[in-house]
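Chains A and B, in that order, give the protein sequences.
Start counting the first sequence at 141; every next residue gets the next number (my numbering).
Start counting the second sequence at 141; every next residue gets the next number (my numbering).
Keep in mind the hints are simulated off the structure, nothing from the lab.
Do not rely on the hints blindly, as some may be mistaken.
No distinction is drawn between identical chains; accordingly, a pair holds when it is met within one copy or between any pair of copies.
[Unchecked claim] With a cut-off of at most 25 Å between alpha-carbon atoms, the simulated BS3-like pairs for lysine-lysine come out as follows:
#1 Lys205 x Lys184
#2 Lys241 x Lys198
#3 Lys184 x Lys238
#4 Lys198 x Lys184
2 protein chains.
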Amino acid sequence: MQVSESQWSALEKETAQEAFQRAYEREVLTLIQDVRNQIGSLSKIDDLWRLHDFLSAKRHELDGKYEYDYPSLLFVFANLIRDGWLQLDELETLEKEKLSKIAALVRL
Amino acid sequence: MQVSESQWSALEKETAQEAFQRAYEREVLTLIQDVRNQIGSLSKIDDLWRLHDFLSAKRHELDGKYEYDYPSLLFVFANLIRDGWLQLDELETLEKEKLSKIAALVRL
């Protein structure tokens, strides 16, 4: 399922970068809202360390998840769609074969 | 300046534990308020990771600072007084020699 950078056209790259960035921004906005809600209910030290553990896990998760790398991009997009940060139709300018592969990965 | 556990009377231990706990609660409450104040300025991912770094540092600092250990307790109290989390008169039931040592450490 790996697709090297040379197999992405200029238009596809543009679509991919925009979709990737959009998913990232959506996830970040949701995360910020989540953290704001947690801060609102902070009353003891355990709540604070729970928030710290949560941020540590999210930072690690996001650092790994949003690595823009062509060979693994189909997997990345499939994961983002599965997690609800992206819709398949936002990638519609990609060639059919890539879209089918992504759709198949989403169903796995 | 080290004072072994056997040199603390039962009453002194009680005073020390209460003062220690009170300082800890004050510092935790201030920290929680500080984090709550940061809510308003959370708008992008860098703000979130800055909060994460801040909590990492505070957790490390508090873990080290609030280790209840008799041999080093005079130093701990001196630091807590210097940082404003405790007043010397909250330790007034300690014997004079311990109080003088703490006061001397605060002035260092």
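Comparing the hints with the structure gives:
For the homomeric pair Lys205 and Lys184, the shortest alpha-carbon distance between copies (18 Å) is at most 25 Å, but the shortest distance inside one copy (32 Å) is not. Taking identical chains as interchangeable, the C-alpha atoms of Lys241 and Lys198 are never at most 25 Å apart, the minima being 28 Å within one chain and 46 Å between chains. For the identical chains of this complex, Lys184 and Lys238 are neighbours neither inside a copy (49 Å) nor across copies (32 Å), given an alpha-carbon limit of 25 Å. Taking CA atoms no more than 25 Å apart as the test, Lys198 paired with Lys184 passes in both settings, with 22 Å inside one copy and 14 Å between copies.
Hint compliance for this structure: hints 2, 3 are broken, all remaining hints hold.
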